[in-house]
Amino acid sequence: MSTRFEGTDQYVATSDLMLAVNAAIRLQRPLLIKGEPGTGKTMLAEEVASALGLPLFQWHIKSTTKAQQGLYEYDAVSRLRDSQLGDDKVKDIGNYIVQGVLWKAFAHDAPSVVLIDEIDKADIEFPNDLLRELDRMEFHVYETQQTVKAKHRPILFITSNNEKELPDAFLRRCFFHYIKFPDKETMEKIVGVHFPDIRENLLRAALEVFFELRDVPGLKKKPTTSELLDWLRLLAAEEIPAEHLRAPGGKPVVPPLAGALLKNEQDIALFERLVAMAKGNR
Amino acid sequence: MLTDFFLHLKASKLPVSTKEFLTLLEALQQGVIGPSIDDFYVLARACLVKDEAHYDKFDRAFGVFFKGVTAIPGLEAEIPEDWLRRVTQTHLSPADRAKLEKLGWDKLMDEFRKRLEEQKEHHSGGSKWIGTGGSSPFGAHGYHPEGIRVGPESAGNRTAVKVWDQRQYRNLDDSVALGTRNIKVALRRLRRFAREGAVEELDLDGTISATARNAGWLDLKMRPERHNSVKVLMFFDVGGSMDDHIKVCEELFSAVRGEFKHLEYFYFHNCVYESVWRDNARRYATKQALLDVLHTYGPDYKLIIVGDATMSPYELVAPGGSVEHFNEEPGASWLRRLLDAYPGACWINPTHEPSWPYRQSISLIRQIMADRMYPLTIDGLERAMRQLSRKQ
Chain A
1 MSTRFEGTDQ YVATSDLMLA VNAAIRLQRP LLIKGEPGTG KTMLAEEVAS ALGLPLFQWH
61 IKSTTKAQQG LYEYDAVSRL RDSQLGDDKV KDIGNYIVQG VLWKAFAHDA PSVVLIDEID
121 KADIEFPNDL LRELDRMEFH VYETQQTVKA KHRPILFITS NNEKELPDAF LRRCFFHYIK
181 FPDKETMEKI VGVHFPDIRE NLLRAALEVF FELRDVPGLK KKPTTSELLD WLRLLAAEEI
241 PAEHLRAPGG KPVVPPLAGA LLKNEQDIAL FERLVAMAKG NR
Chain B
1 MLTDFFLHLK ASKLPVSTKE FLTLLEALQQ GVIGPSIDDF YVLARACLVK DEAHYDKFDR
61 AFGVFFKGVT AIPGLEAEIP EDWLRRVTQT HLSPADRAKL EKLGWDKLMD EFRKRLEEQK
121 EHHSGGSKWI GTGGSSPFGA HGYHPEGIRV GPESAGNRTA VKVWDQRQYR NLDDSVALGT
181 RNIKVALRRL RRFAREGAVE ELDLDGTISA TARNAGWLDL KMRPERHNSV KVLMFFDVGG
241 SMDDHIKVCE ELFSAVRGEF KHLEYFYFHN CVYESVWRDN ARRYATKQAL LDVLHTYGPD
301 YKLIIVGDAT MSPYELVAPG GSVEHFNEEP GASWLRRLLD AYPGACWINP THEPSWPYRQ
361 SISLIRQIMA DRMYPLTIDG LERAMRQLSR KQ
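Residue numbers (the numbering used here), protein chains in the order written: chain A, 1 to 282; chain B, 1 to 392.
Derived by calculation from the structure, the hints in this document are not laboratory data.
Positions of the beta carbon are idealized from the N, C-alpha and C atoms, including for glycine.
Be careful, since some hints might not be right.
In the SDA-like style, the derived pairs of lysine to any residue whose C-alpha atoms are separated by at most 25 Å in a straight line are [as the list claims (entries may be wrong)]: (1) A:LYS66 x B:ARG226; (2) A:LYS221 x B:THR377; (3) A:LYS222 x B:ASP56; (4) B:LYS261 x A:ASN95; (5) A:LYS220 x B:ASN280; (6) A:LYS263 x A:GLU188; (7) B:LYS221 x B:GLU201; (8) A:LYS62 x B:ASN280; (9) B:LYS221 x A:VAL90; (10) A:LYS222 x A:ASP168; (11) A:LYS220 x B:GLU250; (12) B:LYS19 x A:ASN128; (13) A:LYS91 x B:SER229; (14) A:LYS220 x B:LYS221; (15) A:LYS121 x B:SER254; (16) A:LYS164 x B:LYS231.
Under 10 Å between C-beta atoms, here's a sample of chain B residues computed to sit facing chain A [stated by the list, open to error]: (17) ARG45; (18) ALA46; (19) ARG60; (20) GLU324.
Work out the full structure, taking the sequences as your base and the hints as a guide.
Laid out in structure tokens, this is it:
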């Protein structure tokens with residue numbers, strides 16, 4: 001596979017992220033992505049798929065998800081029910097094997113992208129149950145005695161929010177990249193992608209307020225990229241002039257529509273106190 | 001050379017394995033990257049390091065190992081002057097800028113650059129912050145109180161040396177992080193599953209036996225899902241010397257609230273006496289007699305006391321020893337009463353474990369608790385939960 005990912009119009013990828021993605025594609029290993037919420041972990045798989053023109057198979061993990069569900073499920077209950085009703089379908093067990101996300105990807109006739117989203121939500125043993133399947137890209141269906149083998153090894157992305165530690169044996173098989181929070185320059189690019197025609201001075205003032213806010217010590221939840229984008233959308237919709245983001249003389253104020261950035265009443269109270277203190281000092 | 005690099009990482013206590021090293025070699029062989037040390041740094045990190053907590057350690061090890069390589073011409077760090085100008089313009093108010101202009105721009109720049117070089121020599125491998133605490137002319141006039149940050153934001157001069165020398169991932173080192181999430185994972189050890197509540201799961205054994213009894217006609221049986229049914233009774237020490245530990249106790253509290261459905265909690269000061277309270281702000285209004293608490297919650301509750309156990313020994317052993325009121329019975333007898341009522345109990349202490357033997361009151365309480373005192377760290381919590389989940 002000679003495909004290379006170079007970022008897209010919709011998604012700003014830093015050079016080290018692109019390198020990690022391309023290394024994973026080239027060596028056909030899963031890429032494990034971690035990072036603060038709102039840094040575009042899930043988006044990455046979607047964007048890689050659309051940039052390379054490949055279909056995307058998504059598997060969103062919940063706390064009750066079992067590894068087996070990604071391969072296939074044997075719907076014994078409906079077979080039992082059908083047998084009671086004398087349905088002919090019942091003779092073939094294959095009618096009751098429901099394909100999972102990985103099976104669909106393995107059976108796909110062309111290369112594809114698979115996203116296992118938020119793997120840390122599942123039970124602690126979940127990654128271990130998938131070791132062999134992800135390594136060899138094949139598995140065995142006991143009910144029908146067939147072996148499903150990937151026609152093309154899919155490009156595999158796995159995201160994690162760090163709720164649980166993943167087992168070492170699993171980690172050894174992956175590439176790993178930690179998406180760090182974008183710096184100011186990358187953030188300008190990201191905002192540019194979403195709001196191509198935002199006013200330059202408003203954007204500058206808003207980014208300044210945003211990064212200052214993230215530097216406030218003791219915030220329970222720091223605002224993330226998606227909150228910044230929401231806030232900018234509101235600012236643009238309300239046509240708030242850039243000067244309103246800062247009092248005359250560059251003193252900090254509580255920015256308009258701050259509720260879009262700070263979603264915790266304790267954080268808002270903390271920030272208001274800091275602003276009041278800063279005013280008192282000058 | 002790369003084997004040396006691998007062994008160097010291993011010696012730096014990074015958990016790297018041979019398989020991962022082979023992956024790195026394979027990637028190099030396949031020509032994933034060009035001949036650039038920047039790219040090599042990113043690739044090696046993606047292959048070998050699987051936890052952002054280890055990024056900082058990796059940066060340091062990488063910096064030490066590749067120190068010689070950075071002498072290649074064209075890799076020296078050079079800060080463009082116009083960039084510095086831009087930074088100061090965005091960060092300074094007009095009034096401050098005017099003050100700066102008076103000082104003389106060129107002189108200031110020279111000073112700034114000199115200081116930067118000095119700093120590089122001073123902390124080799126350390127961070128590159130300029131003018132901390134307002135000691136430099138920049139720190140004094142900059143908008144940020146700690147001065148102007150010269151770091152990764154500098155476009156165009158992001159050379160190889162800098163990326164790992166900046167140690168951006170220092171905060172992620174896991175020796176410091178004891179967040180709510182980690183605590184929750186530690187608390188998960190204390191789980192006792194039971195089936196209660198709404199029926200939503202197929203009971204296979206029940207279904208088979210019911211179907212058989214039904215002469216082969218299907219009779220589905222459902223049952224409730226398993227839930228964590230452990231019950232927890234917590235006492236938090238507040239005020240006084242506990243003020244140093246507010247943040248970590250808050251985190252513990254919110255993790256506990258998220259993890260345990262059946263949770264009852266009370267506050268006390270220094271040592272438990274005849275009464276405790278529910279709401280710290282309305283302490284006297286919500287006061288409750290400890291005996292009532294003992295009678296309300298049965299012995300199936302697990303008792304967790306959070307406190308630094310640092311007090312005058314008299315509070316424990318003598319009547320009237322409390323610093324706040326006149327207690328008719330010493331703290332120790334109330335504590336024993338609690339332990340008699342709840343066989344599953346532990347004390348979690350936010351102070352540093354090695355310092356425990358030097359406090360008389362801590363030793364006394366450990367004795368009363370039969371050594372079931374654990375530090376408020378991930379490891380300590382895990383030990384505590386393991387102890388609690390044992391059959392009493």
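How the hints compare with the structure:
1. The hinted pair formed by LYS66 (chain A) and ARG226 (chain B) meets the criterion: a straight-line CA distance of about 16 Å does not exceed 25 Å.
2. A distance of roughly 22 Å separates the Cα atoms of LYS221 (chain A) and THR377 (chain B); the hinted pair therefore holds under the 25 Å criterion.
3. Pair hint LYS222 (chain A) plus ASP56 (chain B) holds up; C-alpha atoms about 22 Å apart against a cutoff of 25 Å.
4. As the CA atoms of LYS261 (chain B) and ASN95 (chain A) are separated by approximately 42 Å, the hinted pair breaks the 25 Å bound.
5. Our distance criterion of 25 Å between C-alpha atoms is met by LYS220 (chain A) and ASN280 (chain B), whose separation comes to about 21 Å.
6. Among the hinted pairs, LYS263 (chain A) with GLU188 (chain A) is consistent with the structure: their alpha-carbon atoms are about 23 Å apart, no more than 25 Å.
7. A distance of roughly 9 Å separates the Cα atoms of LYS221 (chain B) and GLU201 (chain B); the hinted pair therefore holds under the 25 Å criterion.
8. Taking the CA atoms of LYS62 (chain A) and ASN280 (chain B), the gap is about 37 Å. The hint is violated against a cut of 25 Å.
9. Pair hint LYS221 (chain B) plus VAL90 (chain A) holds up; C-alpha atoms about 22 Å apart against a cutoff of 25 Å.
10. A distance of roughly 30 Å separates the Cα atoms of LYS222 (chain A) and ASP168 (chain A); the hinted pair therefore is violated under the 25 Å criterion.
11. The straight-line distance between the Cα atoms of LYS220 (chain A) and GLU250 (chain B) is roughly 11 Å, inside the 25 Å bound, and the hint therefore holds.
12. For the suggested pair LYS19 (chain B) and ASN128 (chain A), the alpha carbons sit about 17 Å apart, so the restraint of at most 25 Å is met.
13. A hinted pair counts as satisfied when its Cα atoms are at most 25 Å apart, and LYS91 (chain A) with SER229 (chain B) does not qualify at roughly 43 Å.
14. Distance restraint check for LYS220 (chain A) and LYS221 (chain B): the Cα-Cα separation of roughly 46 Å exceeds the 25 Å cut-off, and the hinted pair is therefore not satisfied.
15. At roughly 19 Å between alpha-carbon atoms, LYS121 (chain A) and SER254 (chain B) fall within 25 Å of each other, so this suggested pair holds.
16. For the suggested pair LYS164 (chain A) and LYS231 (chain B), the alpha carbons sit about 23 Å apart, so the restraint of at most 25 Å is met.
17. Restraint check, ARG45 (chain B) versus chain A: the minimum CB separation of about 8 Å is within 10 Å; hint holds.
18. A least Cβ separation of about 4 Å between ALA46 (chain B) and chain A falls short of the 10 Å threshold, and the interface hint therefore holds.
19. Checking ARG60 (chain B) against chain A: minimum C-beta separation of about 16 Å lies over 10 Å; hint violated.
20. For the restraint placing GLU324 (chain B) at the interface with chain A, the shortest Cβ-Cβ distance is roughly 29 Å, beyond the 10 Å limit, so the hint is violated.
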